[in-house]
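**Q** This is what each chain is made of:
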Amino acid sequence: MKFLIKNILRIIPVLFIISLIVFLLVRVTGDPVSLMLPETATDAERAQLRESLGLNDPLYIQYFTYLGDLITGDFGESFRYNQPALGLVLERLPASFGLAFASMLVATLISIPLGILSAIKRNSFIDLFITGGAVLGKAMPNFWLGIMLILLFSVQLNIFPVSGTGSLMHFVLPAITLGTAIAAEMTRLIRSSMLEILGQEYIRTARSKGLLEAVVVNKHGFRNALIPVVTIMALQTATLIGGTLITETVFSWPGMGQLLIQAVNLRDMAVVQAATFIIALLVIISNLLADLAYRYLDPRIKYD
Amino acid sequence: MSTSLLQIDDLKVQFKTGEGVVPSVNGVTFSVNEGETVAVVGESGCGKSITSLSILGLVPSPGEISGGTIKFGGKDLLKIKKRELRKLRGNDISMIFQEPMTSLNPVFSIGNQIGEVLRLHQKLDKKQALNKAVEMLDLVGIPDAEKVVSRFPHQLSGGMRQRVMIAMALACNPKLLIADEPTTALDVTIQAQILELIKKLKTDFNTGVIMITHDLGVVAEVADRVVVMYAGEVVEEAPVNELFANPKHPYTKGLLSSIPNVDQVVEELGTIEGSVPNPLNLPKGCKFNPRCPLATERCRKESPVLEEVGPAHQKRCFNV
Chain A
1 MKFLIKNILR IIPVLFIISL IVFLLVRVTG DPVSLMLPET ATDAERAQLR ESLGLNDPLY
61 IQYFTYLGDL ITGDFGESFR YNQPALGLVL ERLPASFGLA FASMLVATLI SIPLGILSAI
121 KRNSFIDLFI TGGAVLGKAM PNFWLGIMLI LLFSVQLNIF PVSGTGSLMH FVLPAITLGT
181 AIAAEMTRLI RSSMLEILGQ EYIRTARSKG LLEAVVVNKH GFRNALIPVV TIMALQTATL
241 IGGTLITETV FSWPGMGQLL IQAVNLRDMA VVQAATFIIA LLVIISNLLA DLAYRYLDPR
301 IKYD
Chain B
1 MSTSLLQIDD LKVQFKTGEG VVPSVNGVTF SVNEGETVAV VGESGCGKSI TSLSILGLVP
61 SPGEISGGTI KFGGKDLLKI KKRELRKLRG NDISMIFQEP MTSLNPVFSI GNQIGEVLRL
121 HQKLDKKQAL NKAVEMLDLV GIPDAEKVVS RFPHQLSGGM RQRVMIAMAL ACNPKLLIAD
181 EPTTALDVTI QAQILELIKK LKTDFNTGVI MITHDLGVVA EVADRVVVMY AGEVVEEAPV
241 NELFANPKHP YTKGLLSSIP NVDQVVEELG TIEGSVPNPL NLPKGCKFNP RCPLATERCR
301 KESPVLEEVG PAHQKRCFNV
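As given, the protein sequences belong to chains A and B, one line each in that order. Under UniProt numbering, the first residue of the first sequence carries the number 1, and numbering increases by one thereafter. Under UniProt numbering, the first residue of the second sequence carries the number 1, and numbering increases by one thereafter.
Chain A extracted, bound-state conformation (with noise of 0.2 Å):
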């Protein structure tokens, strides 16, 4: 308890470093005004609306300024649907979970089983099998993988649907896409981080125990194995909750990776901040959740 208020806590700095950055982003990148307003806009309506938006002052309270906005949950608006960013960014967050959950799901389905197989049966026919496949899942583009899947299991099949969302069908094809290069980074993990737990000598112990193969290798293999994998899952979950823009064009799945590359090429200053600033807290609440499991996996985490 006292490890999980510490690292909520230490959120906040980040947080801070955040906003900061994000913040100047905008200011970096040209001028919000002749952005905002069309190009036949006179000096006059320029001058007024740099008013308006507190340009004039000086960069530091404008900052501040941000900041009290952030607090109270303001992002501004977007100009282009004349709504809250955040609310847009918000919106968009369900679909891209539920994604990110789906592909996470499929990954681990398939590495788990295929990584440990793989290390069990090292440099046999299986091994071979499993690790060239590997190699070839994260070797093939997504796009490329999704426009497949759809041909052969929505258009020559009709099994799940071309695109889209609203069932649980609807993830299936997208899920598979996104899965399927982690699956094939995770097996490769798991099976090197097998291989190293297996020559361990309490694996021998466990063997002169009398204890099943199986049992040696699942408990006392496999858990030991997980550590290292879980930190990449965690990257992977932020990496797919961030967006997965190829994906979800190719599937029309309305995630925050299709808002965030409109609003860039719209130049929609606070639909990129709120969605930037929603990620990156994603990031870190997925990175918060990859330090409890370790501390869960491994005791000789909690004690130091």
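I should point out that these hints are in silico values taken from the structure, not numbers from a laboratory. Treat the numbers as computed from the prediction; the structure is a model and nothing was measured. Don't take every hint at face value.
What the hints assert, rightly or not - Label-pair distances were calculated between CB atoms; the ranges are:
hint, chain 1, residue 1, chain 2, residue 2, range
1, B, 147, A, 122, 38 to 44 Å
2, B, 18, A, 109, 35 to 41 Å
3, A, 196, B, 280, 53 to 59 Å
4, A, 140, B, 79, 47 to 53 Å
5, A, 196, B, 256, 18 to 24 Å
6, B, 206, A, 199, 33 to 39 Å
7, B, 73, A, 201, 24 to 30 Å
8, A, 109, B, 147, 39 to 45 Å
9, B, 307, A, 192, 50 to 56 Å
10, B, 154, A, 20, 52 to 58 Å
11, A, 122, B, 206, 41 to 47 Å
Unchecked claim - In silico lysine to aspartate or glutamate, DMTMM-like type, Cα no more than 20 Å apart, as pairs:
hint, chain 1, residue 1, chain 2, residue 2
12, B, 123, A, 213
13, B, 75, B, 99
14, B, 87, A, 213
15, B, 253, B, 196
16, B, 79, A, 213
17, B, 81, A, 57
18, B, 202, B, 138
19, A, 219, B, 125
20, B, 253, B, 215
21, B, 126, B, 146
22, A, 121, B, 64
23, B, 82, A, 291
24, A, 121, A, 185
25, A, 6, A, 291
26, B, 16, B, 34
C-beta: ideal position from N, C-alpha, C; glycine also.
Starting from the structure of chain A, add chain B where the hints point.
**A** Just chain B now, kept in the frame of chain A:
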């Protein structure tokens, strides 16, 4: 004398490597009786650990047992089914390893790891197993056993961990305990305590013990009988007092002369010239001949066999 508990006959273990087949154990024969401690002595790489691992079928890959028998309770452990062997492991035959620091799983509590054998072999439930674990920790002299069961290996010292290993090995009252250099990694005072403990358990439970070691001090302390191994072969076997008083094989003599003696002032300790031969390229004839002060032409051509030189005393040498 009591009945034979374990009988190893002509055991051969080899490792298939890229450079060729490495014979690690080459026709080892010895037995262990109930309540008897047999020390297996030799330099690193002489095959003593591999011999002990063979008993439980734990020879690491790419090693494989290529011949011989290991009889325990009338059954050949090399022929029985895996399932039957698993029933013996940790139950009738258990093992203590050299490295207490790495032989316990870092992510499970002490109670969990000791309890695991009890749940498996004696079908105790979680609570009973934990109670028995506390009992075992008490038995091996760990203070505050109730607290220690919920601790993790990294919170204990090396000596404590080795006691935990012993508690775990003895939890199911094994008939045979294999201790592979159980005190090598420990400091001297802890060493003495652990040896005392093993001795006590042997007399209390009539357990047969195989003590693998390269430390003749340990041998003198605990063994009833000694098997000396060199390059995968038994070169001498004798009751402990006989061996120390009347060593026959030049290798045994060399080993004994390299122990410092508190009562005598010695200018220089004895050493055995040369080093252990490369198992890929073993010398012809007697394997010890390149290092042997007594080696003759015959030793370079013919391999001596193990032969009786006295009651229960055998040696593998032409010249003594």
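**Q** State for each hint whether it applies.
**A** Hint by hint, here is what the structure shows:
1. B:147 <-> A:122: 38 to 44 Å: holds, 40 Å
2. B:18 <-> A:109: 35 to 41 Å: holds, 37 Å
3. A:196 <-> B:280: 53 to 59 Å: violated, 27 Å
4. A:140 <-> B:79: 47 to 53 Å: holds, 49 Å
5. A:196 <-> B:256: 18 to 24 Å: violated, 41 Å
6. B:206 <-> A:199: 33 to 39 Å: With Cβ atoms ~36 Å apart, the hint holds.
7. B:73 <-> A:201: 24 to 30 Å: At roughly 28 Å between Cβ atoms, residue 201 of chain A and residue 73 of chain B fall inside 24 to 30 Å, so the hint holds.
8. A:109 <-> B:147: 39 to 45 Å: Holds, at about 40 Å.
9. B:307 <-> A:192: 50 to 56 Å: holds, 52 Å
10. B:154 <-> A:20: 52 to 58 Å: Violated: the Cβ-Cβ distance is about 41 Å, outside 52 to 58 Å.
11. A:122 <-> B:206: 41 to 47 Å: holds, 42 Å
12. B:123 <-> A:213: Roughly 18 Å separates the two Cα atoms, so the pair holds.
13. B:75 <-> B:99: Distance ~30 Å between residue 75 of chain B and residue 99 of chain B Cα, so the pair is violated.
14. B:87 <-> A:213: holds, 13 Å
15. B:253 <-> B:196: Roughly 27 Å separates the two Cα atoms, so the pair is violated.
16. B:79 <-> A:213: Distance of about 19 Å is within 20 Å: holds.
17. B:81 <-> A:57: violated, 84 Å
18. B:202 <-> B:138: This hinted pair holds, its Cα atoms lying about 17 Å apart.
19. A:219 <-> B:125: Distance ~18 Å between residue 219 of chain A and residue 125 of chain B Cα, so the pair holds.
20. B:253 <-> B:215: OK: residue 253 of chain B and residue 215 of chain B at ~14 Å, within 20 Å.
21. B:126 <-> B:146: holds, 15 Å
22. A:121 <-> B:64: holds, 17 Å
23. B:82 <-> A:291: Given that 20 Å is the threshold and the Cα spacing comes to 40 Å, the pair is violated.
24. A:121 <-> A:185: Cα-Cα ~18 Å, so holds.
25. A:6 <-> A:291: Given that 20 Å is the threshold and the Cα spacing comes to 12 Å, the pair holds.
26. B:16 <-> B:34: Cα-Cα ~35 Å, so violated.
Of the numbered hints listed earlier, those contradicted by the structure are 3, 5, 10, 13, 15, 17, 23 and 26.
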